Every structure is written in C-alpha cells, then in structure tokens.
Amino acid sequence: MADGNKPVKELIKREYEHGFVTEIEADTFEPGLNEDVIRRLSAIKNEPEFMLEWRLKAYRKWLEMTEPEWAHVHFPKIDYNSISYYSAPKSKADAPKSLDEVDPELLRTYEKLGIPLHERAKLAGVAVDAVFDSVSVTTTFKEQLTEAGVIFCPISEAVHKHPELIKKYLGTVVPTGDNYFAALNSAVFSDGSFVYIPEGVRCPLELSTYFRINAANTGQFERTLIIADKGSYVSYLEGCTAPMRDENQLHAAVVELVALDDAQIKYSTVQNWYPGDENGKGGIYNFVTKRGACIGRNSKISWTQVETGSAITWKYPSCVLRGENSVGEFYSVALTNNMQQADTGTKMIHLGKNTRSTIISKGISAGRSNNSYRGLVRFGPNAKGARNFTQCDSLLIGDQCGAHTFPYIESKNPSAIVEHEATTSKVSDEQLFLCRQRGIDPEQAVSMIVNGFCKEVFKELPMEFAVEATKLLEVSLEGSVG
Amino acid sequence: MLSIKNLHAAIEGKEILKGIDLEVKPGEVHAIMGPNGSGKSTLSQVLAGNDSYEVTGGEVILDGKNLLEMETEERAREGVFLAFQYPVEIPGVSNLQFLKTALNSIRKHHGQNEINAVEFMKLAREKARQVNLDESFLKRGVNEGFSGGEKKRNEIMQMLLMEPKLAILDETDSGLDIDALKTVADGVNALRSPDRSVIMVTHYQRLLSYIVPDYVHVLAGGRIIKSGGRELALELEAKGYGWLGINETATAG
Numbered sequence: 083m084a085d086g087n088k089p090v091k092e093l094i095k096r097e098y099e100h101g102f103v104t105e106i107e108a109d110t111f112e113p114g115l116n117e118d119v120i121r122r123l124s125a126i127k128n129e130p131e132f133m134l135e136w137r138l139k140a141y142r143k144w145l146e147m148t149e150p151e152w153a154h155v156h157f158p159k160i161d162y163n164s165i166s167y168y169s170a171p172k173s174k175a176d177a178p179k180s181l182d183e184v185d186p187e188l189l190r191t192y193e194k195l196g197i198p199l200h201e202r203a204k205l206a207g208v209a210v211d212a213v214f215d216s217v218s219v220t221t222t223f224k225e226q227l228t229e230a231g232v233i234f235c236p237i238s239e240a241v242h243k244h245p246e247l248i249k250k251y252l253g254t255v256v257p258t259g260d261n262y263f264a265a266l267n268s269a270v271f272s273d274g275s276f277v278y279i280p281e282g283v284r285c286p287l288e289l290s291t292y293f294r295i296n297a298a299n300t301g302q303f304e305r306t307l308i309i310a311d312k313g314s315y316v317s318y319l320e321g322c323t324a325p326m327r328d329e330n331q332l333h334a335a336v337v338e339l340v341a342l343d344d345a346q347i348k349y350s351t352v353q354n355w356y357p358g359d360e361n362g363k364g365g366i367y368n369f370v371t372k373r374g375a376c377i378g379r380n381s382k383i384s385w386t387q388v389e390t391g392s393a394i395t396w397k398y399p400s401c402v403l404r405g406e407n408s409v410g411e412f413y414s415v416a417l418t419n420n421m422q423q424a425d426t427g428t429k430m431i432h433l434g435k436n437t438r439s440t441i442i443s444k445g446i447s448a449g450r451s452n453n454s455y456r457g458l459v460r461f462g463p464n465a466k467g468a469r470n471f472t473q474c475d476s477l478l479i480g481d482q483c484g485a486h487t488f489p490y491i492e493s494k495n496p497s498a499i500v501e502h503e504a505t506t507s508k509v510s511d512e513q514l515f516l517c518r519q520r521g522i523d524p525e526q527a528v529s530m531i532v533n534g535f536c537k538e539v540f541k542e543l544p545m546e547f548a549v550e551a552t553k554l555l556e557v558s559l560e561g562s563v564g
Numbered sequence: 116m117l118s119i120k121n122l123h124a125a126i127e128g129k130e131i132l133k134g135i136d137l138e139v140k141p142g143e144v145h146a147i148m149g150p151n152g153s154g155k156s157t158l159s160q161v162l163a164g165n166d167s168y169e170v171t172g173g174e175v176i177l178d179g180k181n182l183l184e185m186e187t188e189e190r191a192r193e194g195v196f197l198a199f200q201y202p203v204e205i206p207g208v209s210n211l212q213f214l215k216t217a218l219n220s221i222r223k224h225h226g227q228n229e230i231n232a233v234e235f236m237k238l239a240r241e242k243a244r245q246v247n248l249d250e251s252f253l254k255r256g257v258n259e260g261f262s263g264g265e266k267k268r269n270e271i272m273q274m275l276l277m278e279p280k281l282a283i284l285d286e287t288d289s290g291l292d293i294d295a296l297k298t299v300a301d302g303v304n305a306l307r308s309p310d311r312s313v314i315m316v317t318h319y320q321r322l323l324s325y326i327v328p329d330y331v332h333v334l335a336g337g338r339i340i341k342s343g344g345r346e347l348a349l350e351l352e353a354k355g356y357g358w359l360g361i362n363e364t365a366t367a368g
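Protein sequence lines, in the order shown, are assigned to chains C and P. Each number in the numbering used here corresponds to the 1-based position in the first sequence with 82 added. Each number in the numbering used here corresponds to the 1-based position in the second sequence with 115 added.
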C-alpha cells in the first residue's frame, strides 16, 4: 500500500481563488485601541451619544476580560494594538447613490468574487447589501423592500434612522460583555446589516450580504441585527471571502437575531475567508458570536452554515428558545484542510415549554487540519416537554487530520428528551478506486463522496446557495491531479 | 482484444504475479481458477489499475493500446469493467447519481453527449429489473446497507449499464445463493456478444455451469500452469488441484 494514500493526498491540495488585493484609496486608522479611537470612530460615523456610551461601556468590560482558551485551537497571542480598527473606501464623504458612482475597481472585485451586484445579474431577486471593509457601498432592491415595509440597511444607517429599534434590541441577544470577542466587537464594530421585518410580513426577497476584508492589517468587526416581528418571515444569506495575505487577520463579528411570536428567521452562511497557505501561513482568525433569541411563542430560528475558509474558526451559532413551542435548528458543514483549525458547533438553550431543537453537524477534515464539534444542549427548569435531536458526523480525508467531538448536555427538567448520534468515517482509497474504476475523475469522485456526506445539510440551503456550496467544496478540495 | 505478456506484479514488495501470459479474443469468455492466494484477485486488480499494486514487468495491450500506461479511470472509459469481490459503500451518494456520473464520464470520453435524465432513468430501471433489484435501490446510497447478494447484483447492474468491452468478474459468485447466482449469470450472459469479452475469476466451478466459458485457466503461484476448455473445470472439480501438483495451502498472498 506504499502509494495507497497518494491520490487522496494530491486531491486535497488546493488554491485559494479569491486571493487578490484591490488597490483603492482607503481611510485607515493608525493601529491601536483606546477610548480615543472609539470616540473617533463614533464621531466619523456621526453617531448619537447613546451609541458612543454603549461602545465605551463595552470597551471597559473588554479591558477586564481575557481571551478564551478552552477552544481546541492554537495560535500565537494576538496583539490588539497592532490592528487598525477602521478602514473605509475614500469616497465616503459623498457616498455613492447608484452603481455608476461606485469605484470601478471595487465593482471589478465583486465581479471576481462572483457577486451579482447588478440588478440584471443572475441572482435577480436577491437584494445585496455589500460591505466592503467597513462601509456599506451599495444596496439594491431597496424599493421593493420598502414597499413591503421591510427595513434592510447598513447598521450605521439604522442607528440614525431607527434609533428606537436599535436601543430596544441591540445587545439584547449578545450582551456587550457576553464574551471577549463580542465585547471587542461591541466597542469597535464599524458596520454591518440591519433588518426589520414588520408584523405579518413575509419578506419578498432573500436578503443577502457579502462581506469582504480587503485592507491589510485591518480587523473587520461587523455587526448584524435582524428582527422578525410577529408572524413575519425572512431568509438571510451571508457569504464571505477575503484576499490572500501572509499575516493573519482578525475577524470578530456579532450577529443577533430576534424572533417574536410566530416569526421565522432562516440564516444561511457560506464562509470562505482565506484559510492560509499549505503550511499554515496567513489566513483569517474567524472569532464570531452568532445567536438568535426565539422570544415569541411558536417562533423559529434556523442556522445553516457551510464553513470552508479561515485559518481558525471559533463559532457557535446558537438559539435561546424562550417562547413556548419555539424551534431552533442548526445545520452545519465545516471543512478544514491543510493547517486549518475549526472549533465550531452550537448552543441550544431550552427555556420555554415544548421547545424543540435539531442539530445536524458534518465535519470534514483533510490535510493536517483539526476539526472540532462543540455543542451545548441545555434544558432550564421550565422547559417541560422540550426535546433535542443531535447528529454529529465526521469525515476524514487522509491520515494526518483530526476530528473531535465535544458534546455537553445539561438538564434541569426531567421531562426533557435528548437524542445524540455520532459517527466518524473516512474517504477510503477503496471508495476512490471504485469511482475511478467506473470512469469517474478522482477529483470529481472526492467531491461526490464529500457532497454525499453533506447532503442532509445542503438540502437546507436556499437553492442558489446550495449550488454555490457544492461548487465551493469542489474548489476547496481541488488539487493537482493530472 | 486483450493481450497479457509476461506480467509481473507485487504488493508491498512481495511479488504475486510471476509472469502471466493470456490472450483474450473478442467474444470469448475466460475463466481463471485456482486455489486461494494464487494471484487471481491480484490479476483482476492489476488489470483494473489499482495502484496499491506495483507492476514490475511485462505488458498488457487492450485493442492496440498499452493498458498499463493508462490511469484507472482511462481504462474504465476504454471499456474495462471490474465487478468487485467486496464492493465498498459510498454513503449519501445515490446509486443513480453515481451511475449517471460514471456513464457520462465514459460517454464524454467517446465524444458523446451527456445522457438526459429521462432516458437515464429509463435505462437504469430496466437494468435494475434485469438483476432483480427493486427500483428503490437506485435511490439508496451506493451499496449503503446492501446485503452481500444485493451488492453483487448491484455490480452486475452497473456492468449492464456501462456495457464494457472487457468485463472482469472477481469472485462474483462467492457468497451467493443459487437464485442470486442464476440472476448474476443471466446478467453476464445477456452481455455476451461477439465484440465483448469476459474474464471470470472464480474459486468454484458451479458458476461455470451457468456461464459456460470458452477457456479455463488454472492459476497457481502467480503463473498460469494449465489451460484448457470447459472440461478442465469439471476435471478440477472432480480431482481437486492436487493432481496438478499444487499444494493448496502452501501458496500465499
């Protein structure tokens, strides 16, 4: 079997497709973090006093906190004073009002990423609020949304136009002092998306935001807040890519979802940040806090994520199921290759009666990577009749990678029911040989095997995302077989 | 069709095939028999291109082309089909998707268009019926949770769909009850035609009652030590391998 592993090894070599740097002028802060930086940031954004206070409070909390060390990931200590906390394309003074006014270089970047900004593009029907570094550049399909009463805008705009909603909900799901990275984000977040779906409205479009980190040495701290009022529905799509750089970049985002009575939020992510090179040089540190609160009866929040990028991923999209009969779902595919490390999973916190949750997690490890699932299912004393189903599968490609599972279950209610299933399997040389013996390209074979493994999660993705995710796995596993 | 000359092959440095010579003409069915460890399965795997085995000498020519220089998938596209002795499972990948991908790879290689979905479904249903597999198997993961007999019938179903030039059956009869054996044999017989050839590797002569071979070869110690017609198999059944001077337990690999 001397050469037995060779085909699999060759297959998992890959190159990052989105690794170009856009040369545009940018306003960037000097690296470093202190109260003055936060004041300047707030002033540039012309924020009301309450926002500055909120940020400063978060910053003071952050100073007293320490970086979490419990995750199954390893990286050198981050120097938070070597990071610049603000970077925006130059033209912000007279912000573009239409695509014609947008820096053509920027548009080309989006084109290379395959983001259909133009209304005639194939993703017609998807409104894109594109965040380029820290400032939202353009928002399409506004009119149709306005007609339905939906608010979909940069969060910096919402702070001015809808302060009552911001005051009421910002930080209610992920409090400023929730964790180290959430506190940092609260202090320095520069932009992000804001969505409000009014009572009884089914959002007529799938909302979509593409984030992209561009400027070197810049942390990106976006903040997203989505509120689905009573009986409303929204599906939100988020895609991420970042250019190739030798140094590591920090990305610490916060996403908060709020679902009121009978409301539903479906949040889908395809994350393809730069993962670093074959030897683990460079890549994004993706330290993200995502949490949804089902505060209303019969409400439902569903997270679907396909994570293929980043050098390190630390991410646990969670649901707090407070409302009676509320439902939380987490569907995840996390692929790590080369030297990537992922510690990802979810928390389902059952507080209300008859709350239900489902967790389907698929971890794929290749190269010398490490992939961990970490999940918490907790039943509070009032969670009578609550139940959870967890299925957690790992797939190994090659023999130098690792897969780990850390499930935690806490129950304070004897009537709660938990089911947990876990499996580990391998893409074997025998499977590969069978496919090839039937005439199938080795690359296509691996991608077929991996896609088969992920099927249960992909079927939860919106159509166009499912296609993208399938393609992304193909690219991520692409090698130099020839 | 196929010409094997002085083929040597090794696995993990240990030589298993020690000079195989075999000529297979179009339309012929050859049975390769022999005791355990004689190199029968190795021969099938080497012809199909399993790169766990190292070819250390000799040549294999398929219709004028050097088979040993081709990648596994190229050989398949050129019409070499191996029915596996132990088919592996590919969970989550439906038989249909797998077969369609495979068939289209082969069609593409021959400059043909991809088969359309309706046409493919029709074809797949027909072939499944032919080997007595319920249609529901088409939607299940490749070999996922199949019984031993179902896996073997699934292999034959694939063979019927691919219509290979050279079909190699690696102990396809092992572990089959008599009904399944008949089904498998019917499948192979249906494929027989003047321009297709079959190599059947088997331990037992009972398969040969259903698929009547043109030639029977006895493989022992990595070499073909005796060749003959159908009657050789019957003789082997009656006398065992001993009369050929083979010690059944001594060979290994």
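Wrong hints could be hidden among the right ones.
Non-contacting residues of chain C with respect to chain P, defined by C-beta distances greater than 10 Å in every case (computed) [as the list claims (entries may be wrong)]: (1) 114; (2) 480; (3) 490; (4) 521; (5) 538.
Here are the simulated lysine-lysine pairs, BS3-like style, with alpha carbons at most 30 Å apart [what the hints assert, rightly or not]: (6) 541/C x 341/P; (7) 508/C x 133/P; (8) 494/C x 466/C; (9) 537/C x 254/P; (10) 508/C x 120/P.
Read the hints as simulated data drawn from the structure, not as lab findings. Source: prediction; values computed, not measured. Ideal Cβ positions, reconstructed from N, Cα and C, are used throughout, including at glycine.
request  = Return the numbers of the hints above that this structure violates; sort them in rising order.
outcome  = Hints 4, 5, 6, 7 and 10 contradicted; others consistent.
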